[in-house]
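Peer 1: Chain by chain, the residues run as shown.
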Amino acid sequence: MQKIYLDNAATTKPNFDILHSVCDQTLNDGFYNPSALYSGGREVRKKIDNVRKQVLNLFSSDYDLIFTSCGSEADNLAIFSFAKRGNVITTNAEHSAVYNTFNQLKQRGLDVRFAPVNKDGSVNEEKLLNLVDDKTTFVSIVHVNNETGAINDINRLSSLIKQKNKTTVFHSDGVQGFLKIPFKPSKNIDLYSISAHKICALKGVGGLIYKKCLHLVPQIYGGNQEKGFRSGTENVFGIEVFGKAIEKYSNVIDNFNNAVVFKELFYNALSDEVTFISNETASPYIVSFSVPGVKAEILQRILDDNGVLVGTGSACSSKVGTSRIITACGLDKKVAEGVLRASFSFETTQAEVVSACKIIKDCIIELRKKLK
Amino acid sequence: MNKVIIIRYCEIYLKKKNRGYFERMLADNVKHSLKGISYKFVHIPSRYLIENFDDDDYDEIINRLQKVSGIHTLSFAYRIKSDKDEIFKIALSLCEGKKGTFKVETNRADKTFPIRSVDFSRELGAELLARYNKNLSVKIKNPDFVVSIDIRESGDTLVYTDVIKCMSGMPVGSAGKGLLLLSGGIDSPVAGYYMAKRGMRLKALHFHSYPYTSEAAKEKVIELAKAVSAYSGGIDLYVVSVTEIQEAIHEKCPEDYMITILRRFMMRIASKLAEQVEAQAIITGESLGQVASQTIESLTTSNAVATLPVLRPLIAFDKLDIIAVAEKINTFDTSILPYEDCCTVFLPKFPVIKPKLEKVEKIESVLDIDALIDNAFKTIEKISV
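Keeping their order, the protein sequence lines are chains R and Y.
Residue 1 is where the first sequence starts when you use my numbering, and the numbers rise one by one after that.
Residue 1 is where the second sequence starts when you use my numbering, and the numbers rise one by one after that.
For reference, chain R alone in the conformation it holds in the complex (with noise of 0.2 Å):
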């Protein structure tokens, strides 16, 4: 049985075509060291760096990028650099890479400030702004949640933590963002963490697009690629592959209106069935619904036994409790214990999320009756 896949938030399936086209020419001739000074090497370099001013193409001249190994190591890679001294803000609905990154940092012994959210996950502005005062060193705002879709304006977050205080270093968590969400970073976008492999290409590649005048500190030592700011051999294969993806998939307004429709059907066929936790206001790409009373795990499960795989909002066994996010969403416990997340890629078409909608209301109605 062919499953449909809707947990592209977790990962999508890299896209065959690239992944053969670029396979082809590493073995020809791309396999080279991109640090080699002999021209293969030196072609390999270009190759990188074309894929680099792609990315760069979507940001101001300002921006310059760091590729990485995945989002949590941007991620990381912005935190350690600039959140030293004073207090540092960040939300109580990031994803774990820059939560826990935080939680770090309190442990030794910085000030550091979590933001509540509101039901859908995005952040409370005033709380947020009532956090950020003159001693404010860096702030993290996730672009959008990567469990409830909810988009935070951090153009407009950005400036207003800057009027407050202007030598604050903003930084977003863009992986569930980039390429995905019409966007045009503000100048007060210092730092902007993304991924490769939420984007239909592979995993092992993210990267970190920063302001140049910013000096990042580098979080591994070596031979100084990536302008000493990340040393270790870049991955040639992956950055290439992401690089024919973004290409692939550059038409950001015409996609974002796809998963319009999709998030559309989800809406119009489950409404009777489950509560929706993503708003009208979140990310097409992400759907995240509860069926109060039914622990998503177990949902979870027979939906990948009916063929439609989708992600839990929560890791909702009763021993671990549900997830931090969605109880800093602070959602009823029984809404919170049943929440799963369908996510779309690029490559997701409507017969599937027609087909999915179906079984899963299907599902949730055999279900209910068993533990009636």
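Read the hints as simulated data drawn from the structure, not as lab findings.
Quick reminder that beta carbons are idealized off the backbone N, C-alpha and C, glycines included.
Hints may be right or wrong, so weigh each one.
Claimed, not checked - Below, in silico cross-link-like pairs of lysine to any residue (SDA-like), each with a Cα-Cα straight-line distance of 20 Å or less: (1) R/Lys-211 with R/Asn-165; (2) Y/Lys-378 with R/Asp-305; (3) R/Lys-372 with Y/Asp-256.
Claimed, not checked - So these bits of chain R aren't anywhere near chain Y, every CB distance computed over 10 Å: (4) Asp-24; (5) Ser-39; (6) Glu-125; (7) Ile-298.
Place chain Y on chain R using the hints.
Peer 2: Showing chain Y alone in chain R's frame:
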């Protein structure tokens, strides 16, 4: 000079005419546990020796032998010619670097050896004191360590200082075969360990409720079965789905009787499987009063449908004592992994604590018990760990 590991047994000594049967079984289990390691197995009166092993394998050999039931203690020893100078030399080298109190114990099985045991101990003790007087002093009662000199009839002597405690008990296989109900919690692996220790060969049965429980819960039970199998010389794990049974109970019986009735189904399935795999008993990790299903009334209710003896080695254990053993046998960390076992999804808020057998029988009479058990058996899966 030969480095050896001495294997001593304990309770087997109490056996009379059939002692050889137990000794052979223990020897076989020792050899089975050391599979893949190069060594020579030597049987000397009342003991075994492991010889000719690679020094690098020493820790692994000790580790494996500590999990063989029937072995009381182990010692690393030097096997040398029964010669006074030689024995002194080795004893001195073994005590080098040691600190604290000691005594020398000599056992002279070879009566042709010219020095009496008491004299030999005294002379060697004096020599050790003279050499290491800064670090060592003599203490006859409860010393920190004993320098043991075992002068054997065969003309060789074993010299050792340390004694490593092992499982004791009886060799696995000497006390029949039991079917362990392995839930994924803390208690049942410990119950399996204790029965293996008493010589019982184990099969295990796990009940799952997919999709209400996860594959991860099953993986966890496989890990636990592996851990117990290190003590029981292998385990066949049987996995049976009780999903349909739970759904049927949920649909047709009062909520507070869910666990009582489910456990009776488990006992029926266990009895039937035990007969099929020729197990002579069912083993559970139940401990009196620990939870609602382990009150004497609940145990009586589930016991009533068992067709074989139900062994409950932990019945009088406190939870903390069980946890201490689970930590010792390395099952605790796996047991507390947060995967729900088959009971929790349909767990009633207030389970019946003192069920009455007649009432339970009446309640469950609405269920087609035989058909549900037959269907459960269709889901059986055997996993060798």
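Peer 1: Among all the numbered hints in the text so far, which are the ones the structure does not match?
Peer 2: When the structure is compared with the hints, only number 7 turns out to be violated.
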